[in-house]
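Chain order of the listed sequences is A and B. Going by my numbering, the letters in the first sequence line up with residues 50 to 310, in that order. Going by my numbering, the letters in the second sequence line up with residues 50 to 310, in that order.
A portion of the hints provided could be inaccurate.
Identical chains blur together in the list; that is why a pair holds if it fits in one copy or across any two.
Claimed, not checked - Dumping the calculated SDA-like pairs for lysine to any residue here, alpha-carbon to alpha-carbon at most 20 Å: (1) K276 to F126; (2) K249 to I202; (3) K249 to Y259; (4) K214 to N257; (5) K181 to I202; (6) K99 to L111; (7) K294 to N212; (8) K77 to N138; (9) K214 to E269; (10) K133 to L110; (11) K76 to K86.
In case anyone wonders, no lab produced these hints; they're calculated from the structure.
Number of protein chains: 2
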Amino acid sequence: MPNKLTVVIIGCGNVAWHLAEKLSSLKKYNIYVVNHKENLILEKFSSKLKCVTLVDPNFELLPTGADFYFFCVKDEFIKSTSSKLGISNPRAVFLHTSGSVDIKGLEGNVKHKAVFYPLQSFSINTKVDWKKIPILIEANSKPLEKLVTELGIQFSNDVTPVNSKQRLLYHLAAVFVNNFSNYLYSAADDLLKTEKLQFKLLLPLIENTYNKLQVLTPLEAQTGPAKRKDNVTINKHLNLLEKNKELTELYKLITKQIEKQ
Amino acid sequence: MPNKLTVVIIGCGNVAWHLAEKLSSLKKYNIYVVNHKENLILEKFSSKLKCVTLVDPNFELLPTGADFYFFCVKDEFIKSTSSKLGISNPRAVFLHTSGSVDIKGLEGNVKHKAVFYPLQSFSINTKVDWKKIPILIEANSKPLEKLVTELGIQFSNDVTPVNSKQRLLYHLAAVFVNNFSNYLYSAADDLLKTEKLQFKLLLPLIENTYNKLQVLTPLEAQTGPAKRKDNVTINKHLNLLEKNKELTELYKLITKQIEKQ
């Protein structure tokens with residue numbers, strides 16, 4: 050298949066899976082998925098996708114002449130893994146997919162280095178609609194930025210070049226809207242459980258909170274007792290939270306910050 | 050129209066609007082919307098909905114023989130407003146629509162008192178799908194609970210009887226998932242603005258955070274640096290937040306609480 054480019058994906062986690070699945074569906078790439086040790090999930094890659102899987106503890110067996118090498122490993126292993134690969138193709142591109150690692154975290158004897166960060170929280174068992182996922186890219190040269198953009202738009206309608214600091218800022222903002230919001234949902238669930246009440250009754254409200262952001266800024270969308278400085282209601286809530294020190298502290302802090310907005 | 054029941058809505062805010070709109074669409078009720086002072090919005094009620102509007106400073110002119118009186122006023126005025134009405138119909142029902150006011154907050158010379166609390170954040174300019182909005186009801190007798198349930202199921206597929214304490218707990222949980230989450234979105238927006246980055250790139254992630262709750266509990270859905278105790282990333286974030294004392298405090302507190310989960 051002379052016209053096909055070759056992509057090597059290092060790692061077999063959630064990002065590796067969705068990357069391999071999408072690339073496989075494009076039918077334009079030979080795909081290798083490489084892991085440093087045996088992992089049952091590799092069987093899923095080889096059976097469900099059109100790709101070759103390799104277990105390669107020292108990264109000695111993987112193709113050295115591929116076009117793209119995606120390092121889909123934990124942040125802490127990007128440096129060590131990328132430094133180990135012996136590459137024969139002078140046009141090879143190394144890419145990592147992390148929101149919080151500088152492009153300089155990629156090592157190794159290749160000229161072309163880039164970042165391909167999908168701004169989304171993946172789970173291997175959940176379908177993703179790549180077209181809607183913003184991809185934040187970075188490259189160590191303008192021609193490479195163009196090449197990575199061309200790769201990106203095969204995945205998404207929204208490919209944006211940003212530098213490493215900006216990407217980290219998006220990553221931090223993502224922690225606020227995803228991880229921290231989810232923690233608030235958890236807190237609400239814990240509170241309701243004390244009276245055997247149902248978290249699912251809050252789902253339409255959570256959906257509505259999201260829907261408002263389509264037309265309003267979050268500042269415009271802000272409502273509630275803290276916003277209107279309704280101390281009677283705030284005190285009723287604090288009474289109810291009396292036995293829960295952690296959520297009292299959280300409630301007071303966020304209320305104070307909303308009041309200052 | 051002998052078969053029509055009469056509903057009086059006191060107040061002309063967001064809840065009053067959506068209540069009147071839905072009741073009007075059912076075509077089974079004579080509807081009066083009463084406010085204690087002139088308000089331009091009353092014109093919208095009378096022109097867009099099939100209802101009579103009244104400006105009635107001392108609540109002397111409104112119908113005394115109606116079947117349902119909805120007090121859609123600010124929490125602090127439920128008591129004073131309900132105590133003012135002179136009612137001639139012994140079967141009249143007083144209802145308030147607040148999440149955080151006890152049923153006993155309704156005063157006045159009527160036997161039948163109830164609560165009709167839609168667990169949603171309304172805005173007069175936004176369409177609502179009542180069928181999906183949980184309605185938490187309470188009544189001061191079993192026959193009235195049945196009657197209010199029958200009223201509720203004309204609005205929603207999800208009508209749930211709860212007592213005043215449970216309703217306040219739902220209201221508190223709603224503050225966490227709606228007002229407090231929205232504040233986190235605001236914080237993310239503020240952070241991104243420091244580098245002129247775009248909040249809208251986070252919308253697919255926020256949608257995904259919501260979608261996960263359809264299949265996972267919030268505790269199961271929790272991910273991120275705090276959850277995996279990834280101090281390298283946490284410190285990168287804290288460095289980035291260095292100049293923002295408020296968000297540093299918030300980041301540290303939520304991170305600490307997630308780490309303890």
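Right, here's what the structure says about each hint:
no. : hint         : result
1   : K276 to F126 : between (44 Å within a copy, 19 Å between copies)
2   : K249 to I202 : between (37 Å within a copy, 18 Å between copies)
3   : K249 to Y259 : both (16 Å within a copy, 12 Å between copies)
4   : K214 to N257 : neither (32 Å within a copy, 24 Å between copies)
5   : K181 to I202 : within (11 Å within a copy, 37 Å between copies)
6   : K99 to L111  : within (17 Å within a copy, 73 Å between copies)
7   : K294 to N212 : neither (41 Å within a copy, 25 Å between copies)
8   : K77 to N138  : within (19 Å within a copy, 77 Å between copies)
9   : K214 to E269 : neither (28 Å within a copy, 30 Å between copies)
10  : K133 to L110 : within (12 Å within a copy, 85 Å between copies)
11  : K76 to K86   : neither (27 Å within a copy, 68 Å between copies)
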